[in-house]
Amino acid sequence: MTIVDPTAENIVVDPNVVNITINDKPVLARKGELIIAAADRTDDFIPRFCYHPRMSSVGMCRQCLVEVETPRGPMMVVSCMTPVAEGQIVRTATDTVKKAQEGVLELLLANHPLDCPVCDKGGECPLQDQAFSHGPGESRFVEEKRHYEKPIAISEIVYLDRERCILCDRCTRFADEVAGDPLISFTSRGNDTQVLTFPDEPFSSYFSGNTVQICPVGALTAKPYRFKARPWDIEQTESTCTSCSVGCRIVVQSSRDELVRFQGVDIDPVNWGWLCDRGRYNFESVNSTERLIAPLIKSDSGLATTSWSIALESAARIIRTALASGADSVAILGGARGTNEDAFAWASLADQLGITQRDSQLGDGLTPEIFNLEQATIDQTCAASTIILLSPDLKEELPVLYLRVRDAAQKRKSRILEFTPRDSGLTPYAWRSVSFEPGRQAQVVRETLETQEIQEQIRRGEVVVVLGRANLAENESFTLHALGEIFHAIPNAKVLPVLRRGNVRGAVAVGLTPQKNSGDAIDILTKAAAGKIECLILLGSDPLADVADSDLVARAFNRTRSVISIDTFINSSNRNADVVLPAAAFAEKTGTTTNLEGRISNVTQQITPRGTCRPDWMIATELGLSLGIDLGVSSLDELHQKMTSNIPEFSSCANNPIINSDGVLMVSEASATISRASVVLVDRNSYSYRLIVSRTMYDNAQSTTTSPSLVGIITKSAIYVNPLDLARIGVVDGTNIRVGIADKSIVLPVNAHSGVYRGTAWLPYNHTTVDVRPLLDITSDVVDVRIEQLH
Amino acid sequence: MSRLTDKNLVIAKEIIARYPRQKSALIPLLHLAQEQSGYISREAMVHLGELVGVTSAEVYGTATFYEMFRFEPIGKYLVNICGTMSCALMGAHELMHHAEKRLGVKAGGTTQDGMFTLAHAECQAACTEAPCLQVNYRYRLRVSTADLDNLIDDLEAGKLSEEIPAHGVLAKVRQHIAPDRGVGAVSPELVDQAPAWLNGKAAL
Amino acid sequence: MSTTYSHAPGFVAGDRPKIVTSRFEFADSFTLERYLATNGYKGLRAALSRPANEIHDDVKSATVLGRGGAGFPAGTKWGLTPQQVWPKYLVVNGDESEPGTYKDRLLMERDPHQLIEGCLIACYAAGLSQCFLYIRGEMALAQERVAAALNEAYAAGYVGKNILGSNFSVDIILHWGAGAYVVGEETALIESLEGNRGMPRLKPPFFPAVNGLYGQPTIVNNVETLANLPWLLCNGVAAYTAVGTKTSPGTRMVAVSGHVKRPGVFEIINGTTTFRDLIFGEEFCGGIRDDKQLKAFVPGGGSAPWFTADQLDLPFEASQVGPAGSMLGSGAVIVMDETTDIPAAALTLTHFYAHESCGKCTPCREGGTWLERILRRIVDGDGTDADLQQLLEVGAMICPGDFPHAANAQLGLTAVPFPYKMTTICFVGPSAFAPVHSALTLFRSEFESRVTKRVTIPVTAVSTAKTVTSVGAH
Amino acid sequence: MGYLGGFIVTLRQRGEKNRVTTQYSGGRVFRRNKKRAIKMDEKLDKPERMHGRHVLNRYEDGMEKCIGCELCAAVCPAKCIHVRGADNNPTNPTSPGERFGWIYEINYLRCIHCDLCVEACPTEAITETKMFEFSFTNRKDAIYTKDELLVDNSGKPQQLAWEDWREGEEQNTSGWMRATAASGDANFVGVVSWSGELGHGVRPAEEKSE
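Heads up: the protein sequence lines correspond to chains W, E, Y and G, in order.
Residues in the first sequence are numbered from 1 upward in steps of one, following my numbering.
Residues in the second sequence are numbered from 1001 upward in steps of one, following my numbering.
Residues in the third sequence are numbered from 2001 upward in steps of one, following my numbering.
Residues in the fourth sequence are numbered from 3001 upward in steps of one, following my numbering.
A few of these clues could be false.
As the list claims (entries may be wrong) - Taking lysine-lysine and the DSBU-like style, the derived pairs with C-alpha atoms no more than 35 Å apart in a straight line are:
id, chain 1, residue 1, chain 2, residue 2
1, E, 1101, Y, 2292
2, E, 1023, E, 1007
3, Y, 2421, W, 25
No lab work stands behind these hints, which were simulated from the structure alone.
Since the model is a prediction, treat every value here as computed from it, not as a measurement.
Kindly generate the complete structure, drawing on both the sequences and the hints.
Below, the structure is given as structure tokens:
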């Protein structure tokens, strides 16, 4: 927008600028902008309840009435639905407007219970605030108020108090427009209107927490925050969520040094204020009583608490001993959980010790080479005319990215061309969804891109490929081959890499990735299984639970002499470790993180670390000192400086204050290309089913299982097949069956699912009750399973 | 009492096909479900949601907005006595009192034998013939208390079963468009040109 | 008293020009056979024999006014749709539920083919690709008759593909509602037709002519409006404008109900007939029942401010009724004689609008019910002096500024012209206030006599039902 | 002479008549001077609006009035109140409604008895007695917990070991109530009223001072 100075010569009038007057002050607005949005840039606040800048306007609450001059005198309009017009004169505080606003507020309060003292929203409630600023002061309503049953749980997480609801349509609009889960709706009519779910059906949206955040009253409250604190005893800081790699901007709130709530922060490039429920509520795991609070060391009776100095000494001794048989006998797994600084400190230590075997992925991602392809940001992706999805189910793995891509498709800005082994959350919004049998994606992509219709679409403009690992039960190279086909057809396509782990991109950038041609995590574990690894350092990773091939990991751990774990919890991998060093968790440390598009933003400490926990970087420097190595840093600032000057990708965030808000993009150069390759694949036996293994939002992740509010939502293990296939094998939906490969099998329930294509079977990973990993063999290209009835 | 029967499913699919967007068929389909069971069951709403491709919460939201839909079984005959101004001026309240006494239930209640549900109704568009009432949406005009007694007697005796079907059945005639006669739904996605007859020439 | 009805119960024929009710005298007026025998589908043939734009011009020059309430000329409305956006839809508003009104029901029950022909002419003239005929849910008979007529017309080639062998093809889809007054509002009608809750959309930006059904340009016309078209096309513009006044040509159907000797629906000549003619004229209602005095009457459906005897000589003409402080609306007059309990009568209407509020706009949802509760309290004898003022103040939250009312010589009131300012999207909210305001302005003494000199409300004014032993009721 | 001015108040309080603090010296004065035995160990009547230590009140049915809203903690200028709310057990509620005061602590090392907490309380749950004679010897005792603050089932405050209470003094628990309009009714602005108290009933409000 250009500011027009009428006195200047050669005025170039921006056709998109509209001059309006709000309360006698000139305001510049964008064409098509709403009056309320233009007024938000001035000091004149227009009260509102239903208006939300990220959703379509409905003009429901009638609170934002203002007067606009018309040839027939002033006319009252709702400012949330009236676009600006050249020369428009708006008044937001005339007597008529004030009267109308006071009237609406009195009416809103007429049936609203005055239970503010017990209401979680009390103190930060728009209705309360605006009743003070724009309300009549007193109510003349003497009648009895409307009564409903006090809060009803509409899901595992959200409570609904219909008495408090002012029917602003925000939650229902969010569920419908933004999340695409219209599981709540207005019901009944007139004065009896209420928001409800379908009887006995929960509001099981992955994004339900957002409705709590945008509710302008205390009608929707969240179980994890219920009665935990009041707004005035909350302290807060802005940070970035690291639950997945989307990097949503959040506010971390605590009360008396305990985390009580995360709220989404509206930043344009990433999350628009939205969060997924897992990211919003898994802070409970930080408060968990199961947290590690002191160093542990192996003793005759298992792990025993010890002091930091002893623990560090023993760790140093173990590493020294291992290094004596060569740098190849030490390996580092993990590092994607922490900050960039954490990863950098560990990478520096590893460099100094000569450890080249490191990997922050656990064999379930893709080669870090994809970060060197021509990159697209989330914004560029959502502005592209064609979005090609060659990715996992974004709704399950990167929920807020799903919201962004869905929005782009819904508003008809972009068309989605999806290649998927099974129906994903975005399938209903895809322009074309092309299914493939695992292993055949390259061929399917090639054939699809050859059709004329697709070629026409591709020629319409920018193409971005959202690239990730859709299936853990196939070799990662299949995805890359398919990508090669895309590049062959569309050489200038950009890539948005979607690797799931929180800071995997930062960890790779600083060097927590295989160095000097040493192998990846799977190679490390294979070597360990062969007894070639003396010491395994686990940086917040749990390979025994996380690596798809459980057999391999078990053998690896059996043969590894010693394990040093830096973690926040005791888990399956460090239960028998030699030394366990307690790490500071999210919100207990400060630093920067990098999201999937390479955006570097800060994470901030809000509470004191539990017990004697320390940030990973501090552990690295101190362990270094015990090993006689000085990393040359004594504070986080120094470390950050050193990182930004040593790692070229991070040069953009050196002394850059923006990392506190929108973040800065890392410097990336497109140096890699992926070209077409031929693939040969064995045919599937017609009696077996090709396996698709992928993650869902609520699984047995540590942060989920240790969050009391989420643990109940974790899905139970089951295998999903097409209803027609189910009929073919004559198995009743929901019964237990045996799923087997050559010599191994597991028993679990089978469910009919029309989103799974014929001849394939979908097995969600890491759910409760049954471990599905025995079926996964990392060495085979794809997995075909037999499904048999139990006898 | 549940999902649509196979016969009704055929009708439902025909109705859905008439609209450019499936959801538009929701209200007619809800009537169909109500015709089938006399009220709309939970399963029926789930089924309709599947048919038109919306969540059951959306079906529920739409259905509860409209007064004619019942979500619990009611009497075979729904007696709606209008109480809006014209009828009130002509004695609708007295008629309601009489009906309450005669049927032994308050407005909104259903008789023990499940025959009658008595209800207040808003203006039924027969104002000049006040007071008026509808039995399962069939009019009775200028109803005196004696007329009401006779009506109830007749209904109890089954004399009017031809004229007044059980609650849920609305129109006894359905629109049916023969496949060779229908133009088909005109959806915004498929049409972006002016209709053929707008070419400045006479159509005939 | 049992009444014997003609073929169209409620309709009073009279010796006046008949444009839309000409077939009401026949017992089989709703059949295709009768329709064809009485100039049926001649208008359509006439229309199809000329280019579409000429038909549109005809309807424009005949100034066929919308009969739904707003009185906007149909031809002009058709012309408001954007030029190059297709498809456009026709939605027929047969969701008649305004208290006092029932012309559309008769037209659908008695002459469905006339309506169908009207729809076809409109579609042809305005280039509308599909027609949805939305009939109020409670009108089972109208639905049956229209469905049967449509089936007949489809079979006979009047509707559907290549109508009468021409290149004009259009489907008329019978759609019916399920009981919601607010759906009579055109944007709510569209929402309802899309399968949603019938909550009105805000205009702007959702002017149906630009952004209506499925976001496409949509014409919403009233049943009676469309029923005028066959006659217009058959007899020509000149014959049509010869009836009625220049600004309001043709006839219109008016229902007069309440305390009159012969309540009924009449087809009257637009613009010249006065309320006195209607209520006292022998060819119409023939005076007040039992020759009592007229107390007040509602001139245009339940949502119109009331008139008293002072306004009897106003003609049935929007341009005169508006400045006099009310509106013509959908052609319904409700007459109250001297025995009428005014507060109780107002309550029935306020209850109606409060009950029919869709719940979207706060002032209507909360204010309507509040009005009803205060009014009911007063009617039940539990009101206070303050309640009278409270009624007006709650009303002012729905309609800030002066509310229209009629002049009254006896009370020394001068008229406040229609319309009012409102804080709601549609007219349901203000309509809940209109009867309260009229009753309270014109008959304040009746309210005052209802309230004892109580300062506070007995009990806590909890229930809407009257408390039998209210504290301090005497 | 200027500096003596500061002692004027002190000097004015000299003389037997005005003495307060020696009168309940725990018997020491009595032992020294038997002649003044009648006045020994008695406390003077305290002003009606005296601010002493707090109590948490109950309703007649024994339910606690505190709903754990933390408004008292929010308003406390000395930051000496710590409150945490929790969900009432629906079958056996502690207080009416959804929420009850689960933790309630007042640190009397910090409390300045300003009574803003009492003003802020929406349910009249916290009021102050007139008793201020409590001298504790350790920090733990100084922090009164909810169990200690809560009145018993008859509405009487619980006497703690270090509190100097006399016979009948527990009657002095009547709480001084807000001078603002609790109900939002403008007629009551500026009127000092009293909380309805279990065991003591309701005292009439004071006359409105203009």
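Right, here's what the structure says about each hint:
Proximity of residue 1101/E to residue 2292/Y is assessed by CA-CA distance (about 32 Å); at most 35 Å being required, the pair is judged to hold. Between residue 1023/E and residue 1007/E, the direct Cα distance comes to roughly 20 Å. Compliance with the 35 Å bound is thereby established for this hinted pair. The straight-line distance between the Cα atoms of residue 2421/Y and residue 25/W is roughly 26 Å, inside the 35 Å bound, and the hint therefore holds.
Every hint from the earlier list agrees with this structure, and none is contradicted.
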